[in-house]
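There are 2 protein chains.
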Amino acid sequence: MFSVFPIDNGVVAPKGFYCDGVSAGLKKDNAPDVAFIYSDSLCEVEGIFTQNKFCAAPILHFQSYPKGFQTNFVLINSKNANALTGDEGVENVREVLSALQGYFSVIKNPIMSSTGVIGVQLPKQSIINAFSKIDLTKCDNKNAAEAIMTTDRFSKTIAFEVVLEDKSSFKIGAICKGAGMINPSLATMLCFITTDAKIPKQDMQELLKIASETTFNAISVDGDTSTNDTVLLLSNGQSGAYEKEAFLFALQKIMHKLATDIARDGEGATKLAAFEVKGAKTQEEAQKAAKALSQSLLVKTALFGCDPNWGRIASTIGASGIVCDAKKLEIYFDSICVYAKGMIYFDKENEQKAAEVLKKDSFKITCMIGEGEGEFVAYGCDLGYEYVKINADYRT
Amino acid sequence: MFSVFPIDNGVVAPKGFYCDGVSAGLKKDNAPDVAFIYSDSLCEVEGIFTQNKFCAAPILHFQSYPKGFQTNFVLINSKNANALTGDEGVENVREVLSALQGYFSVIKNPIMSSTGVIGVQLPKQSIINAFSKIDLTKCDNKNAAEAIMTTDRFSKTIAFEVVLEDKSSFKIGAICKGAGMINPSLATMLCFITTDAKIPKQDMQELLKIASETTFNAISVDGDTSTNDTVLLLSNGQSGAYEKEAFLFALQKIMHKLATDIARDGEGATKLAAFEVKGAKTQEEAQKAAKALSQSLLVKTALFGCDPNWGRIASTIGASGIVCDAKKLEIYFDSICVYAKGMIYFDKENEQKAAEVLKKDSFKITCMIGEGEGEFVAYGCDLGYEYVKINADYRT
Chain D
170 MFSVFPIDNG VVAPKGFYCD GVSAGLKKDN APDVAFIYSD SLCEVEGIFT QNKFCAAPIL
230 HFQSYPKGFQ TNFVLINSKN ANALTGDEGV ENVREVLSAL QGYFSVIKNP IMSSTGVIGV
290 QLPKQSIINA FSKIDLTKCD NKNAAEAIMT TDRFSKTIAF EVVLEDKSSF KIGAICKGAG
350 MINPSLATML CFITTDAKIP KQDMQELLKI ASETTFNAIS VDGDTSTNDT VLLLSNGQSG
410 AYEKEAFLFA LQKIMHKLAT DIARDGEGAT KLAAFEVKGA KTQEEAQKAA KALSQSLLVK
470 TALFGCDPNW GRIASTIGAS GIVCDAKKLE IYFDSICVYA KGMIYFDKEN EQKAAEVLKK
530 DSFKITCMIG EGEGEFVAYG CDLGYEYVKI NADYRT
Chain R
170 MFSVFPIDNG VVAPKGFYCD GVSAGLKKDN APDVAFIYSD SLCEVEGIFT QNKFCAAPIL
230 HFQSYPKGFQ TNFVLINSKN ANALTGDEGV ENVREVLSAL QGYFSVIKNP IMSSTGVIGV
290 QLPKQSIINA FSKIDLTKCD NKNAAEAIMT TDRFSKTIAF EVVLEDKSSF KIGAICKGAG
350 MINPSLATML CFITTDAKIP KQDMQELLKI ASETTFNAIS VDGDTSTNDT VLLLSNGQSG
410 AYEKEAFLFA LQKIMHKLAT DIARDGEGAT KLAAFEVKGA KTQEEAQKAA KALSQSLLVK
470 TALFGCDPNW GRIASTIGAS GIVCDAKKLE IYFDSICVYA KGMIYFDKEN EQKAAEVLKK
530 DSFKITCMIG EGEGEFVAYG CDLGYEYVKI NADYRT
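Chain order of the listed sequences is D and R. Just so we're aligned: 230 in our numbering is position 61 of the first sequence, and the numbers increase by one with no gaps anywhere. Just so we're aligned: 469 in our numbering is position 300 of the second sequence, and the numbers increase by one with no gaps anywhere.
Extracted from the complex, chain D is given alone in its bound form (with noise of 0.2 Å):
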């Protein structure tokens, strides 16, 4: 038994931990553009990263240091994602890094993280005069939340504390940035993850496996898959406590509602919608069909129209390339039927009242399929104009 509560304060919530985001006049107005995120003890250190090949020089430095380093300290930018700029852009991370230990002694085997445009020399010297300005006894989540942010609308931050039988508890903190270019191959976005829990290094990797399959892995706003994707987690041990148990549930609990914030946050998105398929023949055909209607343009752009289309709903389902048949299908808006088994329920009434549900800025879409036991919940969003603006103009 575990008990679970939310708090303030993201990844400075843990013991130990400071963070705060500061201008290098990459974005416009002064407006925080590099975060960091400092221990005051030496940290262990895990992350799962983008399967694109061409993976982001920050990315690279990172797989450059020895298995099982330790660190205390993350350096994150917007703006620039330093992805496809070949060995200048790893030489430019280790410039950035080695600068910065030049200026805090303190800091050990740093690490960088980076979103924005592709294919753009990191502003380097921009950031290492930006170093000025980093207080390490700063606990500004806020700050940093919103340094790393790139079309996201809002930031994306959450904590809690969790509290063991015997009465001793940790704290979990993570912020996170992401809004399109998110696919769910992998980590789809830049998530930075704290705690002081007494984890051991090797629940460290395996837990973040588990929450990421059901969360990170489970959203998509345009199934393309970022160059940059990164989830870290960082522990210091400062509490004392643990439980595997208890720490995936609080992990799962703050990966969840990241994931799905993202989601929601999509770009030029009005509303999230988690794509629910139950009785496929197996769990990855389950996944398979999740995932092809949270990525389904003409489903994207019906929700956008608030058109209750079970039409478009059935026939991605049918060009998943999973078992089903049209005879055993049931498709749900929330709790209104609107087809099964091969009968359409799609009266006028129930016509309104799918309409109604797609009006809401939430909402479950449940696909029977009645082949087994195979279920999965991908998250996604609509597609609207907005998406089209975001992403035409992006550069300019």
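In short, the hints are calculated from the structure, not lab data. Be careful, since some hints might not be right.
[Stated by the list, open to error] As a list, the in silico DSSO-like pairs of lysine-lysine whose alpha-carbon atoms are at most 30 Å apart:
id, chain 1, residue 1, chain 2, residue 2
1, R, Lys422, R, Lys311
2, R, Lys558, D, Lys457
3, D, Lys522, R, Lys293
4, D, Lys196, R, Lys517
5, R, Lys222, D, Lys447
6, R, Lys517, D, Lys222
7, D, Lys517, D, Lys496
8, R, Lys457, D, Lys457
9, D, Lys293, R, Lys496
10, D, Lys197, R, Lys517
11, R, Lys517, D, Lys293
12, R, Lys293, D, Lys496
13, D, Lys450, R, Lys222
14, R, Lys522, D, Lys558
15, D, Lys497, R, Lys236
16, R, Lys307, R, Lys293
17, D, Lys517, R, Lys197
18, R, Lys457, D, Lys378
19, R, Lys222, D, Lys510
20, D, Lys529, D, Lys497
21, R, Lys522, D, Lys196
22, R, Lys457, D, Lys450
23, D, Lys558, R, Lys533
24, R, Lys293, D, Lys510
25, D, Lys558, R, Lys529
26, D, Lys457, R, Lys450
27, D, Lys510, D, Lys496
28, D, Lys197, R, Lys522
29, D, Lys497, R, Lys293
30, R, Lys370, R, Lys236
31, R, Lys497, D, Lys236
32, D, Lys558, R, Lys457
33, D, Lys222, D, Lys277
34, D, Lys293, R, Lys522
[As the list claims (entries may be wrong)] Interface residues of chain R toward chain D, partial, derived using beta-carbon atoms under 10 Å:
id, residue
35, Asn221
36, Val289
37, Asn478
38, Gly487
39, Leu552
Glycine is no exception: its CB is placed at the ideal position from the N, C-alpha and C atoms.
Starting from the known structure of chain D, arrange chain R on it as the hints suggest.
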């Protein structure tokens, strides 16, 4: 040796074929919404159909004919897909075609084909009432091509005469529709091809498959695979002439033109893009990467905005799962190199030139992978506000 000449009159260019489009009141303002193709002698027929598991009732009906059946009539309606309509949907096809044979005793083994909204029962009586408007001696290819349009902005038709070395000749013609719900997983639209070539039955399926691989299977508008996709080839052999290589050449030319017409007419599209991948490890990998480019929302919106954002192109290649290395990759907009082997050629002058390329109504984006000999060209279009408008409001 053979010669190929473009000719007029689409499906009625070959000897012995007749067609027309009439109004059954499914579309507004008496616009033609029911088309027929009739041959005055029996035809061999072969088709390729959607791989969507919930394929439409008329396809199920086609498949209920005995293998090797001959026909002389195809009836096509727009506005209603007759898909996901259960046993009643198939029964409706039977009733309509049986009424048709009652009306015209000359019709043998008629085929039906439908396109439009999914999940609504066929307005069979309206279609049957329109039989009185059908005149089997008509040769109005324009009316027929217009009757099968849904969101198409222009009708799609083409025909060739093929003159063989011995001066014998045959003709081949087609009409086609398709603009949304287009995905390269199979036939992806409705296409009716007629010929008076004396093609052996066993060549028909083989040549259709070869020709579709680089044409209808290489286009994408929105990545959604329709329930109704159909390519039908009807041959009445009346010319007495045939030569396999010449027929394949003409068939490929016809299908390539119609496939690129569909991509160009993508819902809301303003331009046609050829995505060429060269030097992939295998042909399959080239196809995978080229199709990924043609389906990436971030690439499609950048094209709409005339933004030569090569970073999104590189990122899509990297995410496609093929063997690739940023230090070997080269990217071109037509002949303008923007990225080569880790060097970014994207100075202001090249940016200007690349943006000019994207302002044309068709262009080629080439990615050289540098890993082998695999090549493929996929065709797609940009995605703009109109796509959202059309698909958010389709049923209203």
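Tested hints:
no. : hint                : verdict
1   : R/Lys422 / R/Lys311 : holds (20 Å)
2   : R/Lys558 / D/Lys457 : holds (28 Å)
3   : D/Lys522 / R/Lys293 : holds (28 Å)
4   : D/Lys196 / R/Lys517 : holds (21 Å)
5   : R/Lys222 / D/Lys447 : holds (18 Å)
6   : R/Lys517 / D/Lys222 : holds (27 Å)
7   : D/Lys517 / D/Lys496 : holds (22 Å)
8   : R/Lys457 / D/Lys457 : holds (18 Å)
9   : D/Lys293 / R/Lys496 : holds (22 Å)
10  : D/Lys197 / R/Lys517 : holds (22 Å)
11  : R/Lys517 / D/Lys293 : holds (21 Å)
12  : R/Lys293 / D/Lys496 : holds (22 Å)
13  : D/Lys450 / R/Lys222 : holds (15 Å)
14  : R/Lys522 / D/Lys558 : holds (23 Å)
15  : D/Lys497 / R/Lys236 : holds (28 Å)
16  : R/Lys307 / R/Lys293 : holds (23 Å)
17  : D/Lys517 / R/Lys197 : holds (22 Å)
18  : R/Lys457 / D/Lys378 : holds (27 Å)
19  : R/Lys222 / D/Lys510 : holds (15 Å)
20  : D/Lys529 / D/Lys497 : holds (28 Å)
21  : R/Lys522 / D/Lys196 : holds (27 Å)
22  : R/Lys457 / D/Lys450 : holds (27 Å)
23  : D/Lys558 / R/Lys533 : holds (24 Å)
24  : R/Lys293 / D/Lys510 : holds (23 Å)
25  : D/Lys558 / R/Lys529 : holds (20 Å)
26  : D/Lys457 / R/Lys450 : holds (27 Å)
27  : D/Lys510 / D/Lys496 : holds (4 Å)
28  : D/Lys197 / R/Lys522 : holds (28 Å)
29  : D/Lys497 / R/Lys293 : holds (26 Å)
30  : R/Lys370 / R/Lys236 : holds (11 Å)
31  : R/Lys497 / D/Lys236 : holds (28 Å)
32  : D/Lys558 / R/Lys457 : holds (28 Å)
33  : D/Lys222 / D/Lys277 : holds (28 Å)
34  : D/Lys293 / R/Lys522 : holds (28 Å)
35  : Asn221              : holds (4 Å)
36  : Val289              : holds (8 Å)
37  : Asn478              : holds (6 Å)
38  : Gly487              : holds (3 Å)
39  : Leu552              : holds (7 Å)
The structure is consistent with each of the numbered hints, conforming to all of them.
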